[in-house]
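Here is how the chains run, residue by residue.
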Amino acid sequence: MSAIFPKWTNKLPLMIIIGGTLTAGAVTAGVWYYFTPKYFRVGYQPIQPVAFSHATHAGQLGMDCRYCHSTVEKSWFSNIPSSSTCMNCHNQVLKDDPRLALVRESAATGKPIPWVQIHRVPDFVYFNHSVHVNRGISCVECHGRVDQMEEVYHAKSLSMSFCLDCHNDPASKVRPADKITDLGWTPSEDPNEAAKRQEAFGKKYVHDFRIESMNNCSACHR
Amino acid sequence: MRYFIITLGILILGVVLIAGRRGDLSRNRPMQIFPDMKRQAKLRPQTANGFFPNGFSSQLPPEGTIAQEQPLTVGGRAVYSFEDAPVNTGRQTGSTNFIALNPFPITGGFLARGEREFNIYCAPCHGRTGEGTGITKKIGAMAVVANLHDKRIVEFTDGEIFHVISQGKGVMQGYASQIAVPDRWAITGYLRALQLSRLGSVDDLAPELRAKLQ
Chain Z
1 MSAIFPKWTN KLPLMIIIGG TLTAGAVTAG VWYYFTPKYF RVGYQPIQPV AFSHATHAGQ
61 LGMDCRYCHS TVEKSWFSNI PSSSTCMNCH NQVLKDDPRL ALVRESAATG KPIPWVQIHR
121 VPDFVYFNHS VHVNRGISCV ECHGRVDQME EVYHAKSLSM SFCLDCHNDP ASKVRPADKI
181 TDLGWTPSED PNEAAKRQEA FGKKYVHDFR IESMNNCSAC HR
Chain C
1 MRYFIITLGI LILGVVLIAG RRGDLSRNRP MQIFPDMKRQ AKLRPQTANG FFPNGFSSQL
61 PPEGTIAQEQ PLTVGGRAVY SFEDAPVNTG RQTGSTNFIA LNPFPITGGF LARGEREFNI
121 YCAPCHGRTG EGTGITKKIG AMAVVANLHD KRIVEFTDGE IFHVISQGKG VMQGYASQIA
181 VPDRWAITGY LRALQLSRLG SVDDLAPELR AKLQ
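Chains as they are written, first to last, in the numbering used here: chain Z, 1 to 222; chain C, 1 to 214.
Here chain Z stands alone, though its shape is the one from the complex (with noise of 0.2 Å):
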């Protein structure tokens, strides 16, 4: 009789066990890993038109951000700006150079540059930048440091956890009005100094700006 079920079947149900467990963690893991905006969405860097580098001109010619995405502190929007902005010095620096060409042709005869948007939530979400950079929230948070980027990559998830997190303890966040595009700041060198002047700030700030964490569902779904 002993032929009809060889030995080795008698691991048969230890094998299915281990099998199945070792699948089915290797999928979860996997879907937790990878079916998450921090996977699909951060990094998202596409090739622009003009090489247009933030580390060069936020960074190292230091201008603020202001100076070009002028509407961000006005409006829900954040304007990319219009390319007779760059002409406001490149009709000086750089005035013949190939790689500003577009940018000439684009002045010149009013049609844009096709510049590829990467930052974008559903249209389903209400998202305005004024709230924010008016309350106290730096670009940063949302953005990464573009001053260091060459090319702009999506930094930070944006889903809607990532919100969440933020609504949910605004006060670990918010700094001081003048540093909102400094995007550096932080409250002290040392870590420890850093964390317990950003709770007391952070404290003070909540409460004298009357900062309510915005949970329910129509402030950003309406």
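Hints were generated in silico from the structure; no laboratory data involved. In this text, a Cβ means the ideal position worked out from N, Cα and C, and glycines have one as well. A few of these clues could be false.
Derived DSBU-like pairs (lysine-lysine); straight-line CA-CA distance at most 35 Å [stated by the list, open to error]:
1) Z:K7 - Z:K38
2) Z:K74 - C:K38
3) Z:K74 - Z:K179
4) C:K42 - Z:K204
5) C:K169 - C:K137
6) Z:K95 - C:K137
7) C:K138 - Z:K111
8) C:K38 - Z:K111
9) C:K38 - Z:K38
10) C:K38 - Z:K173
11) Z:K196 - Z:K156
12) C:K42 - Z:K95
13) C:K169 - Z:K111
14) Z:K179 - C:K138
15) C:K169 - Z:K74
16) Z:K74 - C:K42
17) C:K137 - Z:K111
18) C:K151 - Z:K111
19) Z:K7 - Z:K179
20) Z:K156 - C:K38
21) Z:K203 - Z:K179
22) Z:K38 - C:K42
23) C:K138 - Z:K95
24) C:K38 - Z:K179
25) Z:K204 - Z:K156
26) C:K137 - Z:K179
27) Z:K95 - C:K169
28) Z:K173 - C:K42
29) Z:K74 - C:K137
30) Z:K204 - Z:K74
31) Z:K156 - Z:K203
32) Z:K74 - C:K138
33) Z:K204 - Z:K179
34) C:K42 - Z:K156
For each label pair, taking beta carbons as the anchor points, the in silico distance ranges come out as [unchecked claim]:
35) Z:D178 - C:G200: 23 to 29 Å
36) C:T7 - Z:K11: 54 to 60 Å
37) C:P207 - Z:N91: 47 to 53 Å
38) C:G109 - Z:V131: 20 to 26 Å
39) Z:S130 - C:T7: 51 to 57 Å
40) Z:D178 - C:S81: 25 to 31 Å
Since the structure of chain Z is provided, determine the placement of chain C on it from the hints.
Leaving out everything else, chain C in the frame of chain Z:
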């Protein structure tokens, strides 16, 4: 069992090699598996849109359109942006003469606003002190930048400075589209303060402060 584990291992390795890690840079647009209602047929600013012949989503208003707006209050009177008023043009109404003085009252808050805006919009070229030694000049990228402490510019009226900010002059282009009217006047006020800081003398101080200094 051994083969199973090896196959699984190769599969995992393959997925990791192809898919990479979180945060890896990629030129590809993020994939969207379930479109839901993420992209709706509505206009967003600064995007291409085929509905209009010129392909823009944001259209310029037709010639002569009057914006719906809150008027500015200057000297107790409401002034709209389409009016030929000194606050909008820097010139006396109906003439090309520049007005002498800032139409807004000069307060601490007004000057602080002006300082902020000056440091954003003017400092890259003229420098934070207005000497024309901003970063673009320092690295030698820009040849001519005016020194705002020049006697000629100090002698400008407030209206003329406002006009330069709005319309530009020579190689400097205007900032009317980026800076709102009250902010342009605030910059004018702050620029006057900067210029004064170079022209002041000990005699301008109140007697008790002067005594303290000496």
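Hints that the structure is at odds with (numbers, increasing)
1, 4, 12, 18, 19, 36
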